[in-house]
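Chemist: Top line first, the protein sequences correspond to chains A and B.
Its first residue numbered 1, the first sequence is counted upward by one per residue in the UniProt record's numbering.
Its first residue numbered 1, the second sequence is counted upward by one per residue in the UniProt record's numbering.
Treat the hints as calculated values from the structure; they're not laboratory data.
In this text the structure is predicted, and so the values were computed from the model without any measurement.
Be careful, since some hints might not be right.
Among the chain A residues that face chain B by a calculated CB cut under 10 angstroms, a handful are [what the hints assert, rightly or not]: (1) Tyr26; (2) Ile92; (3) Ala95; (4) Tyr106; (5) Phe121; (6) Gly137; (7) Thr150; (8) Leu152; (9) Leu178; (10) Gly204; (11) Ala205; (12) Asn206; (13) Val239; (14) Tyr257; (15) Val272.
Listed below are the simulated DMTMM-like cross-link pairs for lysine to aspartate or glutamate, each with C-alpha atoms no more than 25 angstroms apart in a straight line [claimed, not checked]: (16) A:Lys262 <-> A:Asp76; (17) B:Lys199 <-> A:Glu54; (18) B:Lys285 <-> A:Asp194; (19) B:Lys205 <-> A:Asp21; (20) B:Lys285 <-> A:Asp76; (21) A:Lys262 <-> A:Glu54; (22) A:Lys159 <-> B:Glu255; (23) B:Lys199 <-> A:Asp21; (24) B:Lys205 <-> A:Asp191; (25) B:Lys212 <-> A:Glu25.
By construction, the Cβ of each residue, glycine as well, lies at the ideal position given by its N, Cα and C atoms.
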Amino acid sequence: MLGAITDFTDDLVGQPNRVSDWLDEYLPAVPPAAYLLIFLILPILYAVYISFFEYSATTIISWNFTLEHYEQLLFDSFYQGLLWYTVRLSIIVSAFCVILGYPLGYFIATTTPLRRQLALFAVFLPLMVGTVVRIYGWIVLFATNGVINTVLQDLLGFKLTLLGNTLSVTIGLIGVYLPLVVLPVYSSIEDIPDSLVPAARNLGANQLQAFYKVTFRLSLPGLLTGTIFVFVLTMNSIVTPDLLGGRTDLTMGLMIYDNAVKSLNWPFASAVGTVLTITTTALVYIYFSFVRDRMGVSEWD
Amino acid sequence: MGLMAIMSVLSAVLTGRNSRSLSAPAVVAGRALYYGLLGLAVSTLVLPIIIVIGISLNPTQSQAFPPSGISLRWYQEFLVSPFFEPFFFVSLPIAIATATISTVLGILAAYVVVRRDVPFENEVVMYFISPLIIPPAIIALALMITLNFNFLNFVPTSAKLVVGHVVITIPYTFLTAMTAIESVDTELVEGARNLGATKFQAFRKITLPLMKSGVISGFLLAFILSFTDSLVALFLSSGSSTTLPVEIFLFLQYESSPLVAATASVQILLVLVLVVLIGRLIGFKAAAVSS
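Hey, can you work out the whole structure from these sequences and the hints?
Modeler: So, in structure tokens, the structure goes:
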């Protein structure tokens, strides 16, 4: 009876103020939420929208509906090759980032505190220093009269063309994105309870089996996060392929940059961006479900 | 289960039979592979930076490494070079403005997510870290197209750069602020409220001071990311509002010289100091995991 009365009065007090209560509760989050809506979500939707209209040399966009950008991107063999090159490059870079990044992440998680600090610093600093500066280091290393070629010339008497090809782009991208695999791998290995590996060893597993069945499996979420980051960013990379690649090795990202900034063909640039995003998302989804099914990892947080 | 089969065959080969330990040669080979990969990974990360700093110390025009002598000539040239202005009068103010706005927005979002009972909390968190998931090239393209509406002509380029950089840095300030607010004891806030403080007073006098190191770290992260960003700036820079990384990028397309190395080294040193500061405030692990 009393409950019914208070329920009733609560409703009377609460009802007229529901909107203002809601505002009072969530008001602080409105500016950041609105900011991302106005400067992230809406611009992306607008970019997708204009990719369906014609390009005009004078007004950039002429408002005639067309699907020609997508036809060109999907059926022209040049653009098919470009997409395939970008996908292949991203897979290779992600694979090498795993091969090099996993041991480093494992090392950081299992070593002494002092070495861990130093190694974390060596991973975190390059990540923060910025792409252009690190790529400059690779340019000096790979240039015709660069560090490697000088050594080769002195020792063996010949030089190699190291700059301006797929190899230099691949190495540069691996260097730039390696920290993105190391850090999540480190943090997921560190979260594994210390007793699990000794327990597996006690139960008769050798080092390799204990590593594969305990450590590796439990670090999969971190490894997965890392590879997805590397894959997505390599698919969209612009600065590294521009500076280290010859202009024959075009990526989809460079195609966006050239069309958007240099030739101001925004509808086509947006169409490239849309195709790239859909392809990337589809491949990431396939990879994600493949790993989840194969490795028997059922819990993700 | 193919991988499993390979692993059991592999360990049988390496141990001889179903033994608990690997054979001695297998252990040696495994260690060699492990340390080899470690060395390769660390040098891939560190080598370019060491080379840039080395080149910048060259006394001559040559880009030889190791440098033929040690001189600060190129650092002096930096002070009169075309890189000086983008460094101090474009990149630095943009990074400070970006970090300030991004920190405020990040704290506001984090405060609501942590302290209030938010429906669909995971989705809300995803929304605030979405700039991390959407590739920067797409963000930059979309912003460039949108911010070039005719009616936005009066907006200066540097303001557009700040807008873009705030978008890409919000996830970092949001995540560091979230960790920081979570670490503040709610009983202290309730105590202050009991003693008559308003919600805002309690936040300003109790929560904010206690989460200070997290806030500063988020600010520094946003500052560094804005200062070193080349991708968003590549799309939004123009004319005299070209940031330092874009200036270096454009320069490197045609030539390179120890002058770029010196400029890059100044950038490296600035980032290094800030990274050490972040490490002292919240530790590399916290910073790294949130990024």
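Chemist: Work down the list of hints and note, for each, if the structure agrees.
Modeler: Hint by hint, here is what the structure shows:
Annotation: Tyr26 of chain A was flagged as interfacial toward chain B, and the flag holds, the nearest CB pair being 6 angstroms apart, inside 10 angstroms. With a least beta-carbon distance of about 15 angstroms to chain B, the hint placing Ile92 of chain A at the interface is violated under the 10 angstroms criterion. Checking Ala95 of chain A against chain B by beta carbon gives a least distance of about 13 angstroms; that is not within 10 angstroms, so the hint is violated. Hint status for Tyr106 of chain A: holds, given a least beta-carbon distance of 8 angstroms to chain B, under 10 angstroms.
For the restraint placing Phe121 of chain A at the interface with chain B, the shortest Cβ-Cβ distance is roughly 6 angstroms, inside the 10 angstroms limit, so the hint holds. The restraint placing Gly137 of chain A at the interface with chain B holds, with a minimum CB-CB distance near 3 angstroms, inside the 10 angstroms limit. Interface hint status for Thr150 of chain A: upheld, as the beta-carbon distance to the closest one in chain B is roughly 7 angstroms, under 10 angstroms. A distance limit of 10 angstroms between C-beta atoms decides the matter here; for Leu152 of chain A the minimum to chain B is near 14 angstroms, and the interface restraint is violated.
The beta carbon of Leu178 of chain A is positioned within 10 angstroms of a beta carbon in chain B (closest approach about 6 angstroms), and the interface hint is therefore held. Of the supplied interface hints, the one on Gly204 of chain A holds, with its beta-carbon coming within about 6 angstroms of a beta-carbon of chain B, less than 10 angstroms. A least Cβ separation of about 8 angstroms between Ala205 of chain A and chain B falls short of the 10 angstroms threshold, and the interface hint therefore holds. For Asn206 of chain A, the suggested interface contact is upheld, since its CB lies about 5 angstroms from the closest CB of chain B, less than 10 angstroms.
Restraint check, Val239 of chain A versus chain B: the minimum CB separation of about 5 angstroms is within 10 angstroms; hint holds. For Tyr257 of chain A, the shortest C-beta to C-beta distance to chain B is roughly 7 angstroms, which falls under 10 angstroms, so the interface hint holds. Checking Val272 of chain A against chain B by beta carbon gives a least distance of about 9 angstroms; that is within 10 angstroms, so the hint holds. A threshold of 25 angstroms between alpha carbons decides the hint, and for Lys262 of chain A with Asp76 of chain A the separation of about 22 angstroms falls inside it, so the pair holds.
Of the supplied pair hints, the one linking Lys199 of chain B and Glu54 of chain A is violated, its CA atoms being roughly 54 angstroms apart against a limit of 25 angstroms. For the hint linking Lys285 of chain B to Asp194 of chain A, the alpha-carbon distance of about 18 angstroms falls within 25 angstroms, and the restraint holds. Only pairs whose Cα atoms come within 25 angstroms are accepted, and Lys205 of chain B paired with Asp21 of chain A is accepted, the gap being roughly 24 angstroms. A hinted pair counts as satisfied when its Cα atoms are at most 25 angstroms apart, and Lys285 of chain B with Asp76 of chain A does not qualify at roughly 47 angstroms.
Taking the CA atoms of Lys262 of chain A and Glu54 of chain A, the gap is about 18 angstroms. The hint holds against a cut of 25 angstroms. Only pairs whose Cα atoms come within 25 angstroms are accepted, and Lys159 of chain A paired with Glu255 of chain B is accepted, the gap being roughly 20 angstroms. Between the alpha carbons of Lys199 of chain B and Asp21 of chain A the distance comes to roughly 14 angstroms, so the proposed pair stays at or under 25 angstroms and holds. The suggested pairing of Lys205 of chain B with Asp191 of chain A is violated, with an alpha-carbon distance near 34 angstroms, which exceeds 25 angstroms.
A threshold of 25 angstroms between alpha carbons decides the hint, and for Lys212 of chain B with Glu25 of chain A the separation of about 23 angstroms falls inside it, so the pair holds.
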